[in-house]
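Novice: The chain contents come next:
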Amino acid sequence: MHRFLRITVLLTGLFAAFSIYAAESQQSVPMTEDSLGPLVEQPIEFPHNRHAGDADKGGMQINCMYCHTYARRSAVAGIPPLQKCIGCHQSIESVRETPRIKKLFEYWEAKKAVPWKKVHDLPDFVRFNHERHIKRFIEQQNRPFQEVCGYCHGNVKEMTVARRSKGLTMGWCASCHQKDHTVVAEGGTPIGTQAYWYTFYKPEVEDASAGVLKAKGPNDCWRCHK
Amino acid sequence: MSISNLLENWSKFRHTHPVDDKPHDPYKWAMSIDLDACSGCNACSVACYAENNLPVVGKEKYAHGQVMHWMRIEHYWDEDVGEEGGREFPDQGAQFLPMMCQQCEAAPCETVCPVGATNHTEDGLNSQIYNRCIGSRYCSANCPYKVRYFNWFNYPTTDNVWPAEMVQQLNPDVTVRGKGVMEKCTFCVQRLRAAEVTAKSEGRLVHDGEVQTACQQACPTSAISFGNLVDQESRVHRQWRAQQVELDKDKQAKDDHEEPSELRGYRILENMRPYPSVMYLERVRESAI
Numbered sequence: 000m001h002r003f004l005r006i007t008v009l010l011t012g013l014f015a016a017f018s019i020y021a022a023e024s025q026q027s028v029p030m031t032e033d034s035l036g037p038l039v040e041q042p043i044e045f046p047h048n049r050h051a052g053d054a055d056k057g058g059m060q061i062n063c064m065y066c067h068t069y070a071r072r073s074a075v076a077g078i079p080p081l082q083k084c085i086g087c088h089q090s091i092e093s094v095r096e097t098p099r100i101k102k103l104f105e106y107w108e109a110k111k112a113v114p115w116k117k118v119h120d121l122p123d124f125v126r127f128n129h130e131r132h133i134k135r136f137i138e139q140q141n142r143p144f145q146e147v148c149g150y151c152h153g154n155v156k157e158m159t160v161a162r163r164s165k166g167l168t169m170g171w172c173a174s175c176h177q178k179d180h181t182v183v184a185e186g187g188t189p190i191g192t193q194a195y196w197y198t199f200y201k202p203e204v205e206d207a208s209a210g211v212l213k214a215k216g217p218n219d220c221w222r223c224h225k
Numbered sequence: 000m001s002i003s004n005l006l007e008n009w010s011k012f013r014h015t016h017p018v019d020d021k022p023h024d025p026y027k028w029a030m031s032i033d034l035d036a037c038s039g040c041n042a043c044s045v046a047c048y049a050e051n052n053l054p055v056v057g058k059e060k061y062a063h064g065q066v067m068h069w070m071r072i073e074h075y076w077d078e079d080v081g082e083e084g085g086r087e088f089p090d091q092g093a094q095f096l097p098m099m100c101q102q103c104e105a106a107p108c109e110t111v112c113p114v115g116a117t118n119h120t121e122d123g124l125n126s127q128i129y130n131r132c133i134g135s136r137y138c139s140a141n142c143p144y145k146v147r148y149f150n151w152f153n154y155p156t157t158d159n160v161w162p163a164e165m166v167q168q169l170n171p172d173v174t175v176r177g178k179g180v181m182e183k184c185t186f187c188v189q190r191l192r193a194a195e196v197t198a199k200s201e202g203r204l205v206h207d208g209e210v211q212t213a214c215q216q217a218c219p220t221s222a223i224s225f226g227n228l229v230d231q232e233s234r235v236h237r238q239w240r241a242q243q244v245e246l247d248k249d250k251q252a253k254d255d256h257e258e259p260s261e262l263r264g265y266r267i268l269e270n271m272r273p274y275p276s277v278m279y280l281e282r283v284r285e286s287a288i
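Quick mapping for you: the protein sequence lines, in order, are chains A and B.
Read in order, the letters of the first sequence are residues 0 to 225 in numbering that gives the first Met the number 0.
Read in order, the letters of the second sequence are residues 0 to 288 in numbering that gives the first Met the number 0.
Derived from the structure by calculation, the hints contain no laboratory data.
Be a bit skeptical, because a hint or two may be false.
Unchecked claim - The calculated lysine-lysine pairs, modelled on BS3-like cross-linking and capped at a C-alpha distance of 25 Å, are:
| # | chain 1 | residue 1 | chain 2 | residue 2 |
| --- | --- | --- | --- | --- |
| 1 | A | K83 | A | K110 |
| 2 | A | K225 | B | K178 |
| 3 | B | K11 | A | K178 |
| 4 | B | K11 | A | K213 |
| 5 | A | K213 | B | K21 |
| 6 | B | K11 | A | K215 |
| 7 | A | K83 | A | K101 |
| 8 | B | K248 | B | K21 |
| 9 | B | K21 | A | K215 |
| 10 | A | K83 | A | K116 |
| 11 | A | K83 | A | K111 |
| 12 | B | K21 | A | K178 |
| 13 | A | K165 | A | K178 |
| 14 | A | K116 | A | K225 |
| 15 | A | K117 | A | K165 |
| 16 | A | K178 | A | K215 |
| 17 | A | K116 | A | K165 |
| 18 | A | K116 | A | K101 |
| 19 | A | K225 | B | K145 |
| 20 | B | K253 | B | K21 |
| 21 | B | K145 | B | K60 |
With the rest of the complex left out, here is chain A:
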């Protein structure tokens, strides 16, 4: 009887210890090689690094929202129409004969859209709004756009074909929504509901720029789930 009790106590203790360890250790998101997401085969291997990368690495430093133009005014960021690619590339003679651009013009002449595949695909029961995040961090806090897009999309300016490098799980979203983000950073503008409340609780200018006023992201199931 005593032996039975001893084993029970030992097992309970071991289980409790393991549970505490498991709860405290960071849950890692399964990823493939060099912690990038699954490789999505695209019809044309689009070089993001060439377009958006830094100038010293041979990039053109184009704003993400020059092509993904809907991000700032709608829920989805959008894939640029083929017209947008051609708009620039018809006057760039130096790369006109390279295989990828040739392929691009083939689509153009056949009057067919490039069948791009989705890389950051959220489940159907999730509602994500690009516009709100752009407004909150780029317009309101005046943060650089590549940093802001990178919160969810990773360092796209160093990728060729974009890959999903962040978890995009609910816990991952919530980890950011639970943080206290400053409402207005230096040089930023209060907009949206913040602007509305700002008229009532307008803090001293020094305080506002020092980031005293803080707010969390929405924490209500139906904000993101549909």
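Once you've looked at the hints, dock chain B against the given chain A.
Specialist: Okay, now just chain B, sitting in the frame of chain A:
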């Protein structure tokens, strides 16, 4: 919401009265339905089917009580129906009552969900999270209005629910629910969220009339009005105030008088204290249909 946050700020999260101690701000979505205007045409129900990707289950499943109408028209008859005195099928004297989720402030369904799939939102909606729901159906059992509907089948793969060409008609802003999930009227939350996002980006609140529910939009007699109850100028607020119906009361002051009130506004099963968000306006004309 982490456990530590919950423990530290317990007094902030604790409610002593579902509505009274923590007023809604800046939104509280509410509805009022004028039964005098309702002609029982079912347009609201049809609009709801189209907007919310509701499956058309067919005659057989309907007979089994597995119909998925979030918005249903209840029929009541002036004459006796049945064996005792009345006729079997009355040909006139029908009265109609559109019934959908009442978005209760103290919702009986929320407290019994074993997995917390149904919650209360800040703007006074009773949310239903499909991907969290495990299908215990306890909420439906506890709902006094019987407005929760369960997916007994995987309707997207069931024949004739959405024939191939009808798939294009599905609303992308609403999940297509799978088997084993509970669902109910959402007050067209996808429209509310879209309007809120637009308003927020423009630095204002949602105007009255800017957002309509699908049933309201389809109603030919404008019997349904919907809006923000916090907004003093909104149509729905003015109606509630004119009828002296208050959200946070389980018995309205006007009903305390001995003489019956001339006012038509009432809420269904109000004395059970679910604090529903839908006010009905009693019918005054005689049934002509």
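Novice: Just pull the numbers of the violated hints for me, sorted ascending.
Specialist: Of the numbered hints, all hold.
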